[in-house]
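Numbering-wise, my numbering puts 34 at position 34 of the sequence shown, and it's gapless, one number per residue.
These are calculated hints, taken from the structure and not from any lab test.
Each residue gets a CB set at the ideal place from its N, CA and C atoms; glycine is no exception.
Be careful, since some hints might not be right.
What the hints assert, rightly or not - Taking lysine to any residue and the SDA-like style, the derived pairs with C-alpha atoms no more than 25 Å apart in a straight line are:
id	residue 1	residue 2
1	LYS43	ARG67
2	LYS43	ASN19
3	LYS64	ASN19
4	LYS43	PRO24
5	LYS71	GLU57
6	LYS37	GLY52
7	LYS43	THR31
8	LYS37	ILE26
9	LYS64	ARG78
10	LYS71	GLY59
11	LYS64	LEU82
Stated by the list, open to error - Just the calculated beta-carbon pair ranges, DEER-fashion:
id	residue 1	residue 2	range
12	GLY52	ARG73	15 to 21 Å
13	ASN95	LEU9	21 to 27 Å
14	ASN65	ARG34	21 to 27 Å
15	VAL77	PRO40	44 to 50 Å
16	ARG34	ASP75	30 to 36 Å
17	PHE60	LEU6	17 to 23 Å
18	ALA4	THR44	26 to 32 Å
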Amino acid sequence: MRAAGLGALADLGFRGLDNDVRNPVIVTGFTASRTHKLTPGQKTANRVLAVGRAPVEHGFAHLKNWRILTKLRADPVRTTYLLRALLVLTNLEINR
Numbered sequence: 001m002r003a004a005g006l007g008a009l010a011d012l013g014f015r016g017l018d019n020d021v022r023n024p025v026i027v028t029g030f031t032a033s034r035t036h037k038l039t040p041g042q043k044t045a046n047r048v049l050a051v052g053r054a055p056v057e058h059g060f061a062h063l064k065n066w067r068i069l070t071k072l073r074a075d076p077v078r079t080t081y082l083l084r085a086l087l088v089l090t091n092l093e094i095n096r
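Please build the complete structure, drawing on both the sequences and the hints.
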């Protein structure tokens with residue numbers, strides 16, 4: 001991803017996957033512990049990340065309703081077209 005100039009917003013499950021602190025490709029939130037509370041800035045950063053991730057998470061949740069995806073074995077290009085079509089259909093259904 002770094003070579004292509006891309007990045008990703010991720011949940012805390014992906015923490016530690018990208019160790020480049022100065023130029024992170026995978027941006028995750030901050031975690032608190034019993035001895036280390038989050039600062040107001042860290043809490044705000046977590047909220048901003050959550051707002052950015054929410055539409056994607058909702059999209060994944062809606063895609064799980066399409067049973068065709070459970071048995072999908074296809075070329076990645078064709079799969080991309082199928083997923084885009086399913087997202088369009090899902091959005092049409094949601095906005096009805």
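Going through the hints against the structure:
no., hint, verdict
1, LYS43 <-> ARG67, "violated (37 Å)"
2, LYS43 <-> ASN19, "holds (21 Å)"
3, LYS64 <-> ASN19, "violated (31 Å)"
4, LYS43 <-> PRO24, "holds (19 Å)"
5, LYS71 <-> GLU57, "holds (21 Å)"
6, LYS37 <-> GLY52, "holds (23 Å)"
7, LYS43 <-> THR31, "holds (9 Å)"
8, LYS37 <-> ILE26, "holds (23 Å)"
9, LYS64 <-> ARG78, "holds (18 Å)"
10, LYS71 <-> GLY59, "holds (19 Å)"
11, LYS64 <-> LEU82, "holds (13 Å)"
12, GLY52 <-> ARG73: 15 to 21 Å, "violated (32 Å)"
13, ASN95 <-> LEU9: 21 to 27 Å, "holds (24 Å)"
14, ASN65 <-> ARG34: 21 to 27 Å, "violated (39 Å)"
15, VAL77 <-> PRO40: 44 to 50 Å, "holds (45 Å)"
16, ARG34 <-> ASP75: 30 to 36 Å, "violated (49 Å)"
17, PHE60 <-> LEU6: 17 to 23 Å, "holds (19 Å)"
18, ALA4 <-> THR44: 26 to 32 Å, "holds (29 Å)"
The structure fails to meet hints 1, 3, 12, 14, 16 from the earlier list, while all remaining hints are met.
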